[in-house]
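The primary structure of each chain is shown beneath.
Number of protein chains: 2
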Amino acid sequence: MGKQQKNAISPSRAEDYPEWYQQVIKASDMAERAPVRGCMVIKPWGYALWENIVAQMDRMFKATGVKNAYFPLFIPINFLEKEAEHVEGFAKECAVVTHHRLEKAPGGRLVPGGPLTDPLVVRPTSETIIGDSFSKWIGSYRDLPLLINQWANVVRWEMRTRIFLRTSEFLWQEGHTAHATDTEAIERTRMMLSVYTRMVQDYLAIPVIEGHKTAAERFPGAVDTLCIEAMMQDRKALQAGTSHFLGQNFAKASNISFQTETETEEFAWTTSWGTSTRMIGGLIMTHGDDDGVIMPPRVAPAHVVLLPIFRKPDDRQQVMDYVNGLAAALREMVYAGRNLVVEIDDRDIGGARGWDWIKKGIPLRLEIGPRDMAADSVFVGRRDRPHRDKTAIKREAFIAQLPDILDDIQNQLFQRACRFREEHTRNVDDRSDFYDWFTPKNQEKPEVHGGFAMSHWCGDEACESKIKADLNVTIRCVPIDAGSETGTCICCGKSSDKRVVFAKAY
Amino acid sequence: MGKQQKNAISPSRAEDYPEWYQQVIKASDMAERAPVRGCMVIKPWGYALWENIVAQMDRMFKATGVKNAYFPLFIPINFLEKEAEHVEGFAKECAVVTHHRLEKAPGGRLVPGGPLTDPLVVRPTSETIIGDSFSKWIGSYRDLPLLINQWANVVRWEMRTRIFLRTSEFLWQEGHTAHATDTEAIERTRMMLSVYTRMVQDYLAIPVIEGHKTAAERFPGAVDTLCIEAMMQDRKALQAGTSHFLGQNFAKASNISFQTETETEEFAWTTSWGTSTRMIGGLIMTHGDDDGVIMPPRVAPAHVVLLPIFRKPDDRQQVMDYVNGLAAALREMVYAGRNLVVEIDDRDIGGARGWDWIKKGIPLRLEIGPRDMAADSVFVGRRDRPHRDKTAIKREAFIAQLPDILDDIQNQLFQRACRFREEHTRNVDDRSDFYDWFTPKNQEKPEVHGGFAMSHWCGDEACESKIKADLNVTIRCVPIDAGSETGTCICCGKSSDKRVVFAKAY
Ligand SMILES: [Zn+2]
Ligand SMILES: [Zn+2]
Numbered sequence: 001m002g003k004q005q006k007n008a009i010s011p012s013r014a015e016d017y018p019e020w021y022q023q024v025i026k027a028s029d030m031a032e033r034a035p036v037r038g039c040m041v042i043k044p045w046g047y048a049l050w051e052n053i054v055a056q057m058d059r060m061f062k063a064t065g066v067k068n069a070y071f072p073l074f075i076p077i078n079f080l081e082k083e084a085e086h087v088e089g090f091a092k093e094c095a096v097v098t099h100h101r102l103e104k105a106p107g108g109r110l111v112p113g114g115p116l117t118d119p120l121v122v123r124p125t126s127e128t129i130i131g132d133s134f135s136k137w138i139g140s141y142r143d144l145p146l147l148i149n150q151w152a153n154v155v156r157w158e159m160r161t162r163i164f165l166r167t168s169e170f171l172w173q174e175g176h177t178a179h180a181t182d183t184e185a186i187e188r189t190r191m192m193l194s195v196y197t198r199m200v201q202d203y204l205a206i207p208v209i210e211g212h213k214t215a216a217e218r219f220p221g222a223v224d225t226l227c228i229e230a231m232m233q234d235r236k237a238l239q240a241g242t243s244h245f246l247g248q249n250f251a252k253a254s255n256i257s258f259q260t261e262t263e264t265e266e267f268a269w270t271t272s273w274g275t276s277t278r279m280i281g282g283l284i285m286t287h288g289d290d291d292g293v294i295m296p297p298r299v300a301p302a303h304v305v306l307l308p309i310f311r312k313p314d315d316r317q318q319v320m321d322y323v324n325g326l327a328a329a330l331r332e333m334v335y336a337g338r339n340l341v342v343e344i345d346d347r348d349i350g351g352a353r354g355w356d357w358i359k360k361g362i363p364l365r366l367e368i369g370p371r372d373m374a375a376d377s378v379f380v381g382r383r384d385r386p387h388r389d390k391t392a393i394k395r396e397a398f399i400a401q402l403p404d405i406l407d408d409i410q411n412q413l414f415q416r417a418c419r420f421r422e423e424h425t426r427n428v429d430d431r432s433d434f435y436d437w438f439t440p441k442n443q444e445k446p447e448v449h450g451g452f453a454m455s456h457w458c459g460d461e462a463c464e465s466k467i468k469a470d471l472n473v474t475i476r477c478v479p480i481d482a483g484s485e486t487g488t489c490i491c492c493g494k495s496s497d498k499r500v501v502f503a504k505a506y
Numbered sequence: 001m002g003k004q005q006k007n008a009i010s011p012s013r014a015e016d017y018p019e020w021y022q023q024v025i026k027a028s029d030m031a032e033r034a035p036v037r038g039c040m041v042i043k044p045w046g047y048a049l050w051e052n053i054v055a056q057m058d059r060m061f062k063a064t065g066v067k068n069a070y071f072p073l074f075i076p077i078n079f080l081e082k083e084a085e086h087v088e089g090f091a092k093e094c095a096v097v098t099h100h101r102l103e104k105a106p107g108g109r110l111v112p113g114g115p116l117t118d119p120l121v122v123r124p125t126s127e128t129i130i131g132d133s134f135s136k137w138i139g140s141y142r143d144l145p146l147l148i149n150q151w152a153n154v155v156r157w158e159m160r161t162r163i164f165l166r167t168s169e170f171l172w173q174e175g176h177t178a179h180a181t182d183t184e185a186i187e188r189t190r191m192m193l194s195v196y197t198r199m200v201q202d203y204l205a206i207p208v209i210e211g212h213k214t215a216a217e218r219f220p221g222a223v224d225t226l227c228i229e230a231m232m233q234d235r236k237a238l239q240a241g242t243s244h245f246l247g248q249n250f251a252k253a254s255n256i257s258f259q260t261e262t263e264t265e266e267f268a269w270t271t272s273w274g275t276s277t278r279m280i281g282g283l284i285m286t287h288g289d290d291d292g293v294i295m296p297p298r299v300a301p302a303h304v305v306l307l308p309i310f311r312k313p314d315d316r317q318q319v320m321d322y323v324n325g326l327a328a329a330l331r332e333m334v335y336a337g338r339n340l341v342v343e344i345d346d347r348d349i350g351g352a353r354g355w356d357w358i359k360k361g362i363p364l365r366l367e368i369g370p371r372d373m374a375a376d377s378v379f380v381g382r383r384d385r386p387h388r389d390k391t392a393i394k395r396e397a398f399i400a401q402l403p404d405i406l407d408d409i410q411n412q413l414f415q416r417a418c419r420f421r422e423e424h425t426r427n428v429d430d431r432s433d434f435y436d437w438f439t440p441k442n443q444e445k446p447e448v449h450g451g452f453a454m455s456h457w458c459g460d461e462a463c464e465s466k467i468k469a470d471l472n473v474t475i476r477c478v479p480i481d482a483g484s485e486t487g488t489c490i491c492c493g494k495s496s497d498k499r500v501v502f503a504k505a506y
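Top line first, the protein sequences correspond to chains A and B.
The first sequence begins at 1 in this note's numbering and counts up by one.
The second sequence begins at 1 in this note's numbering and counts up by one.
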């Protein structure tokens, strides 16, 4: 029996992690490549996950006073010219609209017609156009703080794409706020980072390190860029969210000024912060195993699948009645702020049925046949445990324990990810150890290697860029809660007062 | 005092309805023109309304088994070539992406770079690309029905635009379903229309007529187009949603076939259905008065605004404590499936404060000053009543009655709109009466005229197009629940067996 030996996903994570990632997405039916280069189709199982993330994060945003708005898809090209002035060798990969009509050409082909006098850019972000609105909406200190968020699609032309991680079009949110004082803007920057941390840790069950980006890795124009960094199972870092304090730089560029209480005119202090469908890639790479995706219950597209078993055709009606009754009871229940989502799968396809749901990562599989009915029990498989590790539980007991079971799965996933990160995080103080750890033994087909090196850094950009050039390792962040500690720079040996996080990254 | 005489919006509906519409949107702060031609910025007050509509409709969709997905923004040009083959003189107004980079040109200008071999179209609908996915996703009868919906932005290049009614970019949903039988697809077409009817009538408080489009007004490729038609206060019709039974036409064009239980290969039967931000335009034009927007409570961005009144500076703390306490109590309450949204406005701007909220259309305004506190009461103004018609109610009584008050406002709005429609709907049987009613007395500056004419029609497209050419009046729909009645065609006098709805339309 292949099923007992083999895993559902081939290759395994250890064999070929990037290919495993593609295969997991395919097997889970979450998304697929679109017929448009670099774009993706997010299928219902993947999109429901995104909807759950959006709903929860949106509640968190609103609880801090943020309001949503919608800005146009297109940006006038001259909005970006100002930005380009300051950038040497500016070349922005983005989709440019130059015509507003399709016309029939000979041979049945369609060709662009109606050239635009001024081409339009499909938003890579809405930063400039939101800045333009802010400059109109803000007149006085009474209009502050202005706290705006937008959920939207954005486009950045990408040559090499990977579903959820890097696609030409992706879904995201971008928050933009304006304040009367620097203190308030700095507080807001920190507040939104902590919303991201709560979302990613408490809902996606992904442990993160909160930190500051170095000047070299900072968002252009930002005074300070905060980020959350997570470790994937190939031990690379994934940035799961960023929050920028922009000082008055952005306000000056977009002319966002206000009259103070004392009737002077001042530029506002602004912030911006964003997360995207990339989080879904992070979820897959944090929790997925060689059998597929594992969905944390708090954001899972569905919590439970009921798998009726018919021993003989006569069973069908009776079993389905029992299953439908159970589904109705479960759907009444609320878990983590939403009603339980229950799937019923009565396809007659043998063992492939259970495996389909394992690959999709549904937290709980319940098999229900005539014998289970007779005992008034259900046969439960948990996605965080081996697939043959199933337990019979009395129906009523199962219903009573269900919230705890889901919480337990959620916690197990988080703890497992924390352990993984701990196992692959080291204090590295020796330069050659550092280089050794970040160099694969097999250069042809690099094995999974490295991790998070907590090492001292003198603060010099030359050391940072040398390590990047040598190893493709970057400083992911200077942790916010890093204690002060005397040491010597991993690169140049000069003195340093704290450790930073070095890693390879997505 | 101007306030007692004049209204907040100028011109009034009677003076200049189109201009009144623009001014109402401006005064309510719902949306504004974007710096991009033909596009809009949806501001927080307008966007929150859209979010409430989306949340409610999405729940209704899902209750019928529909799942959401996301398809790419761009459509390969050859997807539309097939469609163009069948259309004489095809010219589609849409945004065409021809380049994937911006480059710096001399003089600091930016110019398109990186020409695409095949231009891409920004989706005017996702019909063709969803069809392509369906053709891949559907193999057997077991994959049916497939019930998919997408919430997204779409772009149709428009020369003359009006916010919410016709803009180059707008937000919408499009549902697409595939079925094994025509019966099931026809049922689905009807089911989704009835979801729209419930949404628009029960939540937006807009009465609608459900009907079939005539062949001339039908969606290209559809076998039957169902629609809901509402009457605006200028007595024109607004189509608030459509649901199409596409037969096998669309499946044949997109090659959506499946293996039946008897192992034959058949084309699927498909439907599509859509609504958009246009509904917001309909809401404004149905309920708005000469003081601004009126929000139906079930979809209102906020339900109640608390307006603290300070007689002297010392009052402030005490009044604000009382107001905050009341807000907290109200926010605990659930109305129409969501927590009450309560705004507190403590700006010191005199009477303009109350008027701001009247213009925004918030259902209830509560003034609270030291005297009200002393009496433990609130001073309540309802947006569906004249602005000076305010009542003192004991705090506890107000809280107890609040759901009923909101329901009453919701019902009053719906009843008022029903009465308006009845007053301006006539059975017209005489051709010259018909022409007279639909011809303004003042041709220079047409007054509000006409309405819904329930008239007989022989079924001949020639009559339909003559009336359209003469009067710009179209058959909005053949009502689904129209009883059979013998009569003569309003145009040619031939016999007819039922009345249809004639009107001018948006
Ligand atoms: Zn150094
Ligand atoms: Zn006729």
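It is possible that some hints are incorrect.
When chains are identical, the list treats them as one kind, so a pair holds in a single copy or across two.
The list that follows gives simulated cross-link-like pairs (lysine-lysine, DSS-like), each with its CA atoms no further than 30 Å apart [said to hold, decoys possible]:
id: 1; residue 1: K359; residue 2: K136
id: 2; residue 1: K104; residue 2: K136
id: 3; residue 1: K390; residue 2: K359
id: 4; residue 1: K26; residue 2: K252
id: 5; residue 1: K494; residue 2: K468
id: 6; residue 1: K136; residue 2: K6
id: 7; residue 1: K92; residue 2: K82
id: 8; residue 1: K441; residue 2: K504
id: 9; residue 1: K6; residue 2: K236
id: 10; residue 1: K359; residue 2: K67
id: 11; residue 1: K82; residue 2: K498
id: 12; residue 1: K359; residue 2: K62
id: 13; residue 1: K468; residue 2: K26
id: 14; residue 1: K136; residue 2: K312
Please keep in mind that the hints were generated in silico from the structure rather than gathered at the bench.
Item to complete: Measure nothing new, just compare the shortest in-copy and cross-copy C-alpha distances for K441 and K504 to 30 Å and report within, between, both or neither.
Response: For K441 and K504, the Cα distance is within 30 Å only inside one copy (16 Å; across copies 76 Å).
Discussion item. Regarding K136 and K312, is the shortest C-alpha distance of 30 Å or less found within a copy, between copies, in both, or in neither?
Written reply: neither (71 Å within a copy, 34 Å between copies)
Worksheet item: Under a CA distance limit of 30 Å, which applies to K104 and K136: within one copy, between copies, both, or neither?
Response: between (42 Å within a copy, 28 Å between copies)
Practice prompt. With 30 Å as the alpha-carbon cut-off, assign the pair K92 and K82 to within, between, both or neither.
Written response: within (13 Å within a copy, 33 Å between copies)
Worksheet item: How would you classify K359 and K67 at a CA-CA limit of 30 Å: within, between, both, or neither?
Response: Intra 37 Å, inter 19 Å, cutoff 30 Å: inter-copy only.
Worksheet item: 30 Å Cα cut-off: does K359 pair with K62 within a copy, between copies, both or neither?
Response: between (34 Å within a copy, 24 Å between copies)
Item to complete: Pop the pair K359 and K136 into one bin, within, between, both or neither, using alpha-carbon distances up to 30 Å.
Response: between (50 Å within a copy, 20 Å between copies)
Fill in: Alpha-carbon proximity context of K82 and K498, limit 30 Å
Answer is neither; intra-copy 38 Å and inter-copy 63 Å both fail.
Practice prompt. If the cutoff is 30 Å on CA atoms, where do K390 and K359 land: within, between, both or neither? Let me know, please.
Written response: within (17 Å within a copy, 61 Å between copies)
Practice prompt. If the cutoff is 30 Å on CA atoms, where do K494 and K468 land: within, between, both or neither? Let me know, please.
Written response: Cα proximity of K494 and K468: one copy only (18 Å, versus 84 Å across).
Discussion item. Within a copy, between copies, both or neither: which one fits K468 and K26 at a CA-CA cutoff of 30 Å?
Written reply: neither (33 Å within a copy, 52 Å between copies)
Discussion item. At most 30 Å between CA atoms: does that hold for K136 and K6 within a copy, between copies, both, or neither?
Written reply: For K136 and K6, the Cα distance is within 30 Å only across copies (28 Å; inside one copy 62 Å).
Against the hints set out earlier in the document, violations occur for numbers 11, 13, 14.
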